[in-house]
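Make the full structure from the sequences, and use the hints.
Here the protein sequences line up with chains C and H, keeping their order. Taken in order, the first sequence gives residues 1 to 316; the numbers are from this note's numbering. Taken in order, the second sequence gives residues 1 to 332; the numbers are from this note's numbering.
Simulated from the structure, these hints should not be mistaken for lab results. Errors might be hidden in some of the hints.
[Unchecked claim] Estimated spans, in silico, between C-beta atoms of each pair: (1) H:Asp-204 <-> C:Lys-308: 35 to 41 angstroms; (2) H:Ser-137 <-> C:Leu-40: 38 to 44 angstroms; (3) C:Gly-121 <-> H:Pro-73: 24 to 30 angstroms.
Note that the structure is a prediction, hence the values are computed from the model and not measured. Don't be surprised by glycine CBs; every beta carbon is placed ideally from N, CA and C.
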Amino acid sequence: MTATTATSPPRTRTSLRGRVSDLLASRPKLLALVLVLPPLLWLGLVYIGSLLALLLQSFYSIDEFTGLVVPEFGLSSYRELLAPANMDIIVRTVTMAALVTLASGVLAFPIAYYAARYAKGRTKAAFYLLIMLPLWSSYLVRVYAWKLILAKEGVLTWAAEETGTLPLLDGILGLPVIGGPSLSVSYIGTFIVFVYLWIPYMILPIQAALERVPRSYLEASADLGARPAETFRTVVLPLAMPGVVAGSIFTFSLTLGDYIAPQIVGPSTYFLGQVVYVQQGTAGNIPLAAAFSVVPIAIMAVYLTVAKRMGAFDAL
Amino acid sequence: MTSPAVRFDKVSRHFGPVKAVDEVDLAIAPGEFFAMLGPSGSGKTTCLRLIAGFEQPTGGAIEIFGEHVEGVPPYRRAVNTVFQDYALFPHMTVAENVAYGLRIKGVDKRSRRLRADEMLSLVKLSGYGDRKPAQLSGGQRQRVALARALVNEPKVLLLDEPLGALDLKLREQMQGELKSLQHRLGITFVFVTHDQTEALAMADRVAVFNEGRIVQVGSPEEIYERPRTRFVADFVGGANVIEPAAAARLGLPEGLWSLRPEKIALGGGDGEAIRLQGRAQEVQYQGAQRRVTVDLGADRLVMVVPAGVANFGEGEPVALSVPAAALNRMEG
Numbered sequence: 001m002t003a004t005t006a007t008s009p010p011r012t013r014t015s016l017r018g019r020v021s022d023l024l025a026s027r028p029k030l031l032a033l034v035l036v037l038p039p040l041l042w043l044g045l046v047y048i049g050s051l052l053a054l055l056l057q058s059f060y061s062i063d064e065f066t067g068l069v070v071p072e073f074g075l076s077s078y079r080e081l082l083a084p085a086n087m088d089i090i091v092r093t094v095t096m097a098a099l100v101t102l103a104s105g106v107l108a109f110p111i112a113y114y115a116a117r118y119a120k121g122r123t124k125a126a127f128y129l130l131i132m133l134p135l136w137s138s139y140l141v142r143v144y145a146w147k148l149i150l151a152k153e154g155v156l157t158w159a160a161e162e163t164g165t166l167p168l169l170d171g172i173l174g175l176p177v178i179g180g181p182s183l184s185v186s187y188i189g190t191f192i193v194f195v196y197l198w199i200p201y202m203i204l205p206i207q208a209a210l211e212r213v214p215r216s217y218l219e220a221s222a223d224l225g226a227r228p229a230e231t232f233r234t235v236v237l238p239l240a241m242p243g244v245v246a247g248s249i250f251t252f253s254l255t256l257g258d259y260i261a262p263q264i265v266g267p268s269t270y271f272l273g274q275v276v277y278v279q280q281g282t283a284g285n286i287p288l289a290a291a292f293s294v295v296p297i298a299i300m301a302v303y304l305t306v307a308k309r310m311g312a313f314d315a316l
Numbered sequence: 001m002t003s004p005a006v007r008f009d010k011v012s013r014h015f016g017p018v019k020a021v022d023e024v025d026l027a028i029a030p031g032e033f034f035a036m037l038g039p040s041g042s043g044k045t046t047c048l049r050l051i052a053g054f055e056q057p058t059g060g061a062i063e064i065f066g067e068h069v070e071g072v073p074p075y076r077r078a079v080n081t082v083f084q085d086y087a088l089f090p091h092m093t094v095a096e097n098v099a100y101g102l103r104i105k106g107v108d109k110r111s112r113r114l115r116a117d118e119m120l121s122l123v124k125l126s127g128y129g130d131r132k133p134a135q136l137s138g139g140q141r142q143r144v145a146l147a148r149a150l151v152n153e154p155k156v157l158l159l160d161e162p163l164g165a166l167d168l169k170l171r172e173q174m175q176g177e178l179k180s181l182q183h184r185l186g187i188t189f190v191f192v193t194h195d196q197t198e199a200l201a202m203a204d205r206v207a208v209f210n211e212g213r214i215v216q217v218g219s220p221e222e223i224y225e226r227p228r229t230r231f232v233a234d235f236v237g238g239a240n241v242i243e244p245a246a247a248a249r250l251g252l253p254e255g256l257w258s259l260r261p262e263k264i265a266l267g268g269g270d271g272e273a274i275r276l277q278g279r280a281q282e283v284q285y286q287g288a289q290r291r292v293t294v295d296l297g298a299d300r301l302v303m304v305v306p307a308g309v310a311n312f313g314e315g316e317p318v319a320l321s322v323p324a325a326a327l328n329r330m331e332g
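The structure is reproduced here in structure tokens:
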């Protein structure tokens, strides 16, 4: 073989499409940039941008006579935020979010454990379907459905009457603060609806974390003398913790920001999201609404920092 | 007489129609290094899991040092396991892993750390106690798994293909270390492997498994020199199996025989040897030796020729001899 035939010159592309392909194929970083540019622009401008605008507005104030926004920096809206009535709303919302998260975790864990350890094939497919199915229908429809279920004339009261457990229901409704005339206008009702709405977001990350625990870990623990309860406490729970934390981020932040469910089911007291809704709408107090919006952002920032320390994002 | 360390009496483990373990009888002596050898799916691992308690037998009786253990969960058995994937807890340090069994028993923090460090030095991992398993190499993890099991002073140590994930050099080194460790501690070791060289090199006795049954139990020499069935002859060391019809053609005594490739000699041999003529059909270079398949017309024999003997090309005539003592009669 001679040298001239051994190397043929590289084929040159002439068409534009061909040249673009060659360029992208030879520079993977350029391709990556092309791929992420549109979402980056969207997140950067629309999302982060409006967030910054919101932050900015929270430092403005409102002219009490004209009702117009005064674009001057100050802390008056934050001072207003600290008023006892507003602090009540914040405490109420955070308490609700914490309780909903706790209940979701306790309820979701066994379900996720079953799905990760025992369900196989068709059972597993059915499990996913059942978890995801509610998410396919409108959120509003589901909340209104709950209002009907929980109402005084609703199916729950009827069932209590039929089974003779009405005194129990009345006892629950008679509890101070969380009780009320009927479940649909009590904090218990709001709580039930929130847990129902967000529990899929708790189940799925826990299940993902549990699936990553190989059976041999459980066997090794048993082999070394641990009873099932000890194995759960020392091996399963620590390894599932990132999933629990990831799920709790969903349930906590979703409850914190929701302004529709508590409006439909629950007493007529406000939650954080409702205040924002009312302040920026009817009241037209954009600065106060913005200051209220900063509260869940701040809470979530703290929460995420703690969660990151716990390795919660490894399970995502 | 003392009771055996492990005894199986007609033990079966069926998974639906699949007979993973089928009426296995077995007696492992205290202090023995016992290997369960077989291809994958032969039931050897299920037997190990039956001893550990991860599986319950569907039939038969299992005794560990004379105690019946059917229905006894793993956490109440005086045995410990070294898992194939080591199964080290990733959220605990090496020392916490090793001390896990002691922690469960309620040993206080200080003394269990002391014991863990002792065990780590036994497996030559002193100073690694504060690392996480993810920071160790495969060989080191294997030692941690060993230390974690041994710290509980088990009556029987079960090892499930513990060397399978290691490279050849490390594997050979660990074989020696395991053997000497077992010698020093005097604990009964039950070792599952699909690697016949490993089983022959380490075990006092070997049980060869096939299709859920034990086909032969014996010392490594017995298993290698006197295989009882076609399967054992072929699986352990790849012996020539000479069917009765072939035996008649080759002028051997009547019967089913196995013949080790290295027992076949080149040339005429002594007076009682059986002499055969053939052609080299396939020559495989293996470093210290060459593996030659000799075509004898209707039959084929595999022999090994040590390095240094003149090479022959494929198709060349070969004169060989089989010493009568090299033939091993097998059951039909």
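Going down the list of hints, with the structure as the test:
Remark: the range hint 35 to 41 angstroms for H:Asp-204 to C:Lys-308 is contradicted by a beta-carbon distance near 54 angstroms. Range check, H:Ser-137 to C:Leu-40: Cβ separation about 40 angstroms, and the 38 to 44 angstroms hint holds. A hinted range of 24 to 30 angstroms holds for the C-beta pair C:Gly-121 and H:Pro-73, which are about 28 angstroms apart.
Comparing the model with each numbered hint stated earlier shows that hint 1 is the single one that does not hold.
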